[in-house]
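Asker: Residue-level listing of the chains:
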Amino acid sequence: MIDSFLLIGLPYAALFLCVIGTILRVNYYGYSVTSHSSQFLESKKLFWGSRLFHSGIVVLLIGHIVGFLIPKTIIFLTATPLWLLVIEITAFAFGILSFVGILLLIIRRVQVKRLHSVTSKMDLVVYTVIAFQILTGLTIAYFHRWGTAWYASALVPYLRSIFIFSPDTAVITTMPLMIKLHVISAFVFIGLIPFSRLIHFVAYPVRYLWRNVQLVIWNRDLKASRASREKRMGIKPKNN
Amino acid sequence: MDIRSQIAMVFHLDKCIGCHTCSVACKNIWTDRKGAEYMWWNNVETKPGTGYPTKWEDQSIYKGGWVKNGDKLELRVAGKPTGLTKLFHNPDMPVMDDYYEPWVYDYDHLFEAPAGDDQPSARAISLVTGEPMDIKGGPNWDDDLSGTPDYGRQDVNLRNLTAEDQEAMFQLERMTMQYLPRMCNHCLNPTCVAACPSGAVYKRGEDGVVLISQDKCRGWRLCVTACPYKKTYYNWTSGKSEKCVLCYPRLESGQAPACMHSCVGRIRYLGVLLYDADKIKEFASAPEDQLIDRQLDIYLNPFDEKVIREAKKNGIADSTIEAAQKSPVYKFVKEWRIALPLHAEFRTLPSLFYVPPMLPVMGKMTDGIYESNTENLWGKIEDSRVPMQYMANLFSAGNEEKIREVMRKLMAVRYHRRQVTVNDIDDELIQHAYKSTGLTPDIADAIYRLTSLVKYDERFVIPAAHREEAIEMIESTDDRKGSSGFNENKGYKRVF
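Protein sequence lines correspond, in order, to chains C and W.
In terms of my numbering, the first sequence opens at residue 788 and continues consecutively.
In terms of my numbering, the second sequence opens at residue 14 and continues consecutively.
Note that these hints are calculated values from the structure, not bench results.
Mixed in with the good hints there might be a few duds.
Derived SDA-like pairs: lysine to any residue, alpha-carbon spacing no greater than 20 Å straight-line [said to hold, decoys possible]:
no., chain 1, residue 1, chain 2, residue 2
1, W, K325, C, I1004
2, W, K229, C, R812
3, W, K85, C, L1002
4, W, K99, C, H841
5, W, K28, W, S275
6, W, K149, W, L123
7, W, K326, C, H841
8, W, K229, C, S819
9, C, K900, W, K28
10, C, K900, W, S275
11, W, K229, C, T877
12, C, K900, W, T250
13, C, K900, W, K76
14, C, K831, W, K76
15, W, K229, C, R998
Reference listing, derived: stretches of chain W covered by chain C, where coverage requires no fewer than 3 residues with Cβ under 8 Å from a Cβ of chain C [said to hold, decoys possible]:
no., segment
16, 33-44
17, 95-106
18, 142-154
19, 208-216
20, 249-263
Because the structure is a prediction, the values reported are computed rather than measured.
Quick reminder that beta carbons are idealized off the backbone N, C-alpha and C, glycines included.
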């Protein structure tokens, strides 16, 4: 019962909240979407914390997503011991990086008085969840070796079953507690995205790469309205 | 030709008395909020001095502005794609201590303190932490401190002055200073726009005001670093960047921005310049010694038939063209060429021009008496109290000759007026002054008049937005059409 709640109910609730919440927040509460950077108040300690944490977590996230998308390739790759070893060690190293990073960030939050005034309760929740997530991940990587291989073969089918709406928890319920905790806290993390500063990663500005260098916006774009065949002026730019 | 209109400004520095009324007017309207207390969208600096934030002009620290890389113009901080790697931590960004930590005084304590042996005092309380603090800096912290080693001598513009010139600037009895009011330059080639990864910073097509969409800003802070004038600020509470909006709600209704309206010395002028947007890239990447001339080339003559025709074709309103013809800025910048942009070497093509101040140049003493000799016409400029190189570093990208030209013109106007009012100057000298500066008595009178006599309407020639268009700057009247007027104003389109 509790298993089906935590491994089926919670994931769906989290995914639902994440998708709907994010769409609503970005579209209707655009003003609230920000990275809430605290670099302005403290820069030196942030350098190590933020750089280590982000570089570690980004690589790990990409790794998890790749495993989720192409499990067969991963299974094939990890059949070669050398590849398996290389991937495991790399992943573990980045895990350590992000863990050291988040520890430094937490210490910084506590130590630097100026930051207290910009720290919300939700920030504390986010810190806790992330630290817990990385810690369980590292524990799993150390005590339940060769996760790259069994993640692709045993855990990905469960995750995929969630996404194709026919949840199958047969395998995961038999897995060690630590792994279950890691999965559950991952879904909690996903559910938190639209309700916390985590929203900043859906705002990561990839579009910057192909947009014009300069940006000019007209309140009344006469050129556009002349070219338009619409009888109405059309939708106004959102920048107003 | 892609003609656009730009609201541009001139500050006449000889008239600035450093009273900070502009700054206070701005602060009261725009930045008197939590997270914005430290921001001064308009501030007045003492030069030589380090400014606000400290040493903002030193781009080896802050990495603002554009740099020329071969033929290409690049952001000094990081363009595409390297800018995206600086989002997690941007090592070149100024932090709160580079500005100052805002505070209030605990005045309540003066009334509420329990009876005791000592007089109660109002301690400084940090507006960030809410705890007592030691004040290490504040707004105008270096006001009038040009002679001091901590501020005056740290001025970045002294870097290429000879040791002799530097010493001369700090000699007791010879020391000099001037005020430099600063605000957002609403540049034609803004680095803040180019650096913003979210596309939140934009230039308004109609009047060239550079704004930050608070809805689109994601707080990546690259605009703060990229602006070489350090005129975008990060609001540490809201997590968004903010900057001078040139009081656009006032502009749209035809009023001058608050800083300009309140200016006690009446040093500020505001008007329209027409420019050719196709030329921005080419002129912004001109060789350094040509930057000033090329920038002035980009502004077009609003009386030229062809310019008027092209402008109308681009949708520029007749009222704007008319304002461009009456623009005091056009006169100062283009006709008379006595106003220069601040730090043109940042290559942003700023729309704020300064008439460099004569007074520190002229004020020279011999044997303890101020010289008031009219014999030697240009002599005083040559051995002025402020090295011309220093002025050139500020206003002409290091080109001394440009500053001398302006100074000579300003001096010629003074000689002309002396001639008119007192008539004690040798005619030959006056003729020489006209000839070498290209001025005529009429032009000199016009400069004199615009400098010292004109009232509000001539200092600020603002084409008010047409009322029917002005409302559209706030909301689209078209959206209202066919709606009940009481709904959520989502137009006629179904949302769900």
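Asker: Give a verdict on every hint.
Answerer: Against the structure, the hints:
For the hint pairing K325/W with I1004/C, the CA-to-CA distance comes to about 18 Å; that is within 20 Å, so the pair holds. Restraint check: the Cα-Cα separation between K229/W and R812/C comes to about 12 Å, which is no more than 20 Å; the hinted pair holds. Only pairs whose Cα atoms come within 20 Å are accepted, and K85/W paired with L1002/C is accepted, the gap being roughly 19 Å. For the hint pairing K99/W with H841/C, the CA-to-CA distance comes to about 11 Å; that is within 20 Å, so the pair holds.
For the suggested pair K28/W and S275/W, the alpha carbons sit about 14 Å apart, so the restraint of at most 20 Å is met. For the hint pairing K149/W with L123/W, the CA-to-CA distance comes to about 23 Å; that exceeds 20 Å, so the pair is violated. The hinted pair formed by K326/W and H841/C fails the criterion: a straight-line CA distance of about 50 Å is larger than 20 Å. Using a Cα cut-off of 20 Å, the hinted pair K229/W and S819/C holds, with the two alpha carbons roughly 9 Å apart.
Between K900/C and K28/W the alpha-carbon distance is near 44 Å, which puts this suggested pair outside the 20 Å criterion. Of the supplied pair hints, the one linking K900/C and S275/W is violated, its CA atoms being roughly 38 Å apart against a limit of 20 Å. Restraint check: the Cα-Cα separation between K229/W and T877/C comes to about 37 Å, which exceeds 20 Å; the hinted pair is violated. Between the alpha carbons of K900/C and T250/W the distance comes to roughly 15 Å, so the proposed pair stays at or under 20 Å and holds.
For the proposed pair K900/C and K76/W, the alpha carbon gap of about 28 Å is over 20 Å, so the pair is violated. For a cut-off of 20 Å, the pair hint linking K831/C to K76/W stands: about 17 Å separates their Cα positions. With a CA separation close to 15 Å, the supplied pair K229/W and R998/C stays within the 20 Å bound. For the segment 33-44 of chain W, the stated coverage by chain C is not satisfied: 0 residues place a CB nearer than 8 Å to a CB of that chain, which falls below the threshold of 3.
With 8 residues carrying a beta carbon less than 8 Å from a beta carbon of chain C, the segment 95-106 of chain W meets the three-residue requirement, and the given coverage holds. For the segment 142-154 of chain W, the proposed coverage by chain C is satisfied: 3 residues have a C-beta within less than 8 Å of a C-beta in that chain, meeting the threshold of three. Figure legend: the segment 208-216 of chain W, annotated as covered by chain C; annotation consistent (8 residues with Cβ-Cβ distances under 8 Å, at least 3 required). Taking a C-beta to C-beta cut-off of 8 Å, the segment 249-263 of chain W contributes 5 residues in contact with chain C, enough for the three needed, and the coverage statement holds.
This entry does not satisfy hints 6, 7, 9, 10, 11, 13 and 16, going by the numbered hints stated previously.
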